[in-house]
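These protein sequence lines are chains D and C, in that order. The first sequence lines up with residues 1 to 207 when you count with my numbering. The second sequence lines up with residues 1 to 180 when you count with my numbering.
Hints listed in this document are in silico derivations from the structure and should not be mistaken for laboratory results. Warning: the hint list may mix true and false statements.
To be verified - In the BS3-like style, the derived pairs of lysine-lysine whose C-alpha atoms are separated by at most 30 Å in a straight line are:
1) C/K99 <-> D/K142
2) D/K35 <-> C/K159
3) D/K74 <-> C/K99
4) D/K74 <-> D/K6
It should be emphasised that the depicted structure is a prediction, and the values quoted were computed from it without experimental measurement.
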Amino acid sequence: MSVEWKLVFEIFWTFFKISPVTFGGGFAMIPLIIKEIVEKRKWLTNEEITDVIALSQTVPGAIAVNSATFIGYKIGGIRGTLAAMIGVSLPTFLIVLVLGVSYFYLDDNPKLEAAFVSIRVTIVAIIVYAAIKIAKTAIFDKTTFFIMAAGVPALFFIHPIIAIFLGAITGVIAVSIKKKLGYLIEMKNSKEEDPANDPEYYMGAGI
Amino acid sequence: MVLWELFQTFFIMGFVSFGGGYAMIPIIESAVTEYGWMSSEQLTNIIAIAGMSPGPVASNSAILIGYTAAGISGAFVSVIAILLPSLILVICVAAFFLKLHHNPVVEKMFYGLKPLVTSLIIFAAIKFVLANNLITIDLSFRSLSLVVIFGLSLFALLKLRWNPVYVILLSGLVGIALYS
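Start from the sequences, fold in the hints, and give me the full structure.
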């Protein structure tokens, strides 16, 4: 095997190993990525990883997949990109498929049905928890609160994809108007914790 | 053609997928209603399985919805459709816009985008409550116990900081004990 292909395989294998451990949100993977990519294999530095994580949140898609794909690109070009993406997706794809197939196989089982009566309520709790988590960094002044408050009833009437575009456009317009009026505004929550210093931060974030 | 519907839905979703999987539920829900892939109870069960599996909730849901709608090939098509936008955008950003997260326009966009993502998640919660008839005015053991399970789940997540996966699994056991 040539040196290049060996690297491609190593990228694949690294993410293949990390991927099944990413329970409870993509951020849970970050400490493992740092350990494996920075400390063990020394493919990237700590600063590079911090940049990758920031960029992964800017690009749509799952944090776990985006950061793996970015790292793959940085280390191994296009081949590295594909290796990382397949490596991070394949194990979870297979696990989800096995769980899904077993669920359909056992669909009529009264015990499983009883379990899901309770689980459906817990899922609503998890969604509320996800909303609280993101609200902590998203809502920090009157304008952001207004966008959030107006968004909920609006979603009963407009398609969510249109709402996402309107949200982004509103952000650009609101900040521009505020600047014109001479307000000093913060674009980010200044109280936002630095993820690098708080491992607890990762739990439940980006789920 | 179901496979094309699946591909279209998840490919487009992949391009606007900000703020984690639960923010994508309204998009998934509207596609499921439009194409009639499954009942809303089945969709909630699928989101539950997606949430207790490792990996991103959005792509896990896509895999399971694809499987429900069109078998193994549906699962494949859906996961590829949701991954392609990430692949395309990450390569573009990595090649041309490495300072994207410091770009002033992008910062302004996220100023409005993040609160809207919060609305999407709140909306998803409201829709789920309505679709599953979780709010009922009767005082039966079943509806009261479900309110307690909701409260305890939220407490475990927020205060005890339990991993969501464990909360789902424990909740399943409680369900078996109470309702079977």
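Pairwise hint evaluation, D/K142 against C/K99, where the allowed Cα distance is 30 Å at most: 29 Å, holds
Straight-line Cα separation of D/K74 and C/K99 no greater than 30 Å? 14 Å, holds
Could you grab the alpha-carbon distance between D/K35 and C/K159 and see if it respects the 30 Å cut-off? Judged against 30 Å, a Cα distance of about 28 Å means the pair holds.
So if I understand the rule, the pair passes when the alpha-carbon distance is 30 Å or less; does D/K74 with D/K6 pass? Distance of about 16 Å is within 30 Å: holds.
The structure shown violates none of the earlier numbered hints.
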